[in-house]
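Colleague: Hey, can you work out the whole structure from these sequences and the hints?
Letter by letter, the chains look like this.
Protein chains: 2
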Amino acid sequence: MYQLYGTSGSGNCYKVSLLLTQLYLPFHWHEVDILKGESRSDLFLKKSRAGKVPILETPEGEVLSESNAILFYLAKGSDFLPLEPLQEARVLQWLFWEQYSHEPNIAVARFHKVWGDGDLTPFADKVANGYDALALMNAHLADNLFFVGNRYTIADIGLYAYTHVAHEGGFDMKPYKNVASWLERVSRQPGHIKMAAAK
Amino acid sequence: MYQLYGTSGSGNCYKVSLLLTQLYLPFHWHEVDILKGESRSDLFLKKSRAGKVPILETPEGEVLSESNAILFYLAKGSDFLPLEPLQEARVLQWLFWEQYSHEPNIAVARFHKVWGDGDLTPFADKVANGYDALALMNAHLADNLFFVGNRYTIADIGLYAYTHVAHEGGFDMKPYKNVASWLERVSRQPGHIKMAAAK
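As given, the protein sequences belong to chains A and B, one line each in that order. The numbering used here numbers the first residue of the first sequence as -7 and each following residue consecutively. The numbering used here numbers the first residue of the second sequence as -7 and each following residue consecutively.
One should not assume that every hint holds.
Pairs of lysine-lysine, DSSO-like flavour, derived with a Cα cap of 27 Å [to be verified]: (1) Lys39/B / Lys118/A; (2) Lys169/B / Lys186/B; (3) Lys28/A / Lys191/A; (4) Lys186/B / Lys68/B; (5) Lys39/B / Lys169/A; (6) Lys38/B / Lys118/A; (7) Lys191/A / Lys39/A; (8) Lys105/B / Lys118/A; (9) Lys166/A / Lys38/B; (10) Lys68/A / Lys68/B; (11) Lys118/B / Lys28/B; (12) Lys38/A / Lys166/B; (13) Lys105/A / Lys118/A.
Hints are computed from structural coordinates only; laboratory data are not their basis.
Modeller: Encoded structure:
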């Protein structure tokens, strides 16, 4: 069975549990309390030197880190990842964009809003860049049902994880109508599960 | 022929030109002056909404962005990317790590050092995180010749791009002996080219 080490409330961890569920792959969730430093324990660092959740342990005992690399590994050969090389590369393009231009802004703003003192003044850059990311997604979705090839792929799973909770980071989602319709489409996919609330 | 839109001195652009060269794929380099806003021109944004270099245009006219997604696309089916799924995922793991934990620290510090006023005081976090990234690489290379499977892959190309110029960002590389040997090994790979100096 797959072992998933993650933190409830983390979009990066949620996206892996969502894909595992939609692939009907049974897994055991190990809760890691990052605020208590559990991802920096000797035991955790022995599994993954980077000390970040999520990590996936395969039934064979191999450990993978980086949420979007895990998504790619699990999705390979399934309907969630196109076989055609250019389409596959476009999925990766969106996943790299998510980790560089979306998550460090939207997820980090949400983290400080929800788990910090709630004051985003020192994070004005992240808020502005987060809105840029939402605007770019909204423009792309003006003539696309999903991010790649008009079908639901891990590009959508990767982007859904923190977009659907962006409002918790103080982002006003009202102007992004295409994003709202896409969030709704993603949430209606077979086997969809909600993100577990933070513990 | 491939068309590569990039900025001389940018590691993200260099990594794509390095792989194209090592794959013996002819390409035309289009210089984009990001400091003059050329990646935000209407023409550029029409090709890629994200407005970032590099972008690759295939001989068929398809456009890809995100340097590491481009590396993956070009390397597919070659010796630079393992076929075995777990190894392939480990390559992606390092490439995602590079874009999240390495580039935003090391490349951004270098950018402010070389193209800014040279004062890294406001970027102390990025400097500290950059050293963490170097330490992690050094530990991994203590018992690995290359990042994945003890062979030269796009994981090495991705990480080489900004590591080999980290000293330009003020990073003291002396303590990272394994990184130094690996940089040397990478630079001795067949078809290696140097990064073009910034214009």
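Colleague: Work down the list of hints and note, for each, if the structure agrees.
Modeller: Do the hints match the structure? See the list:
For the hint pairing Lys39/B with Lys118/A, the CA-to-CA distance comes to about 25 Å; that is within 27 Å, so the pair holds. For the hint pairing Lys169/B with Lys186/B, the CA-to-CA distance comes to about 21 Å; that is within 27 Å, so the pair holds. A distance of roughly 12 Å separates the Cα atoms of Lys28/A and Lys191/A; the hinted pair therefore holds under the 27 Å criterion. Between Lys186/B and Lys68/B the CA atoms are separated by roughly 23 Å; this keeps the pair inside 27 Å, and the hint holds.
Of the pairs offered as hints, the one joining Lys39/B and Lys169/A holds, with about 24 Å between alpha carbons and a cut-off of 27 Å not exceeded. Proximity of Lys38/B to Lys118/A is assessed by CA-CA distance (about 25 Å); at most 27 Å being required, the pair is judged to hold. A hinted pair counts as satisfied when its Cα atoms are at most 27 Å apart, and Lys191/A with Lys39/A qualifies at roughly 23 Å. Proximity of Lys105/B to Lys118/A is assessed by CA-CA distance (about 22 Å); at most 27 Å being required, the pair is judged to hold.
Distance restraint check for Lys166/A and Lys38/B: the Cα-Cα separation of roughly 26 Å lies within the 27 Å cut-off, and the hinted pair is therefore satisfied. Proposed proximity of Lys68/A and Lys68/B is supported: the alpha carbons are some 14 Å apart, at most 27 Å. Restraint check: the Cα-Cα separation between Lys118/B and Lys28/B comes to about 25 Å, which is no more than 27 Å; the hinted pair holds. Only pairs whose Cα atoms come within 27 Å are accepted, and Lys38/A paired with Lys166/B is accepted, the gap being roughly 26 Å.
Distance restraint check for Lys105/A and Lys118/A: the Cα-Cα separation of roughly 12 Å lies within the 27 Å cut-off, and the hinted pair is therefore satisfied.
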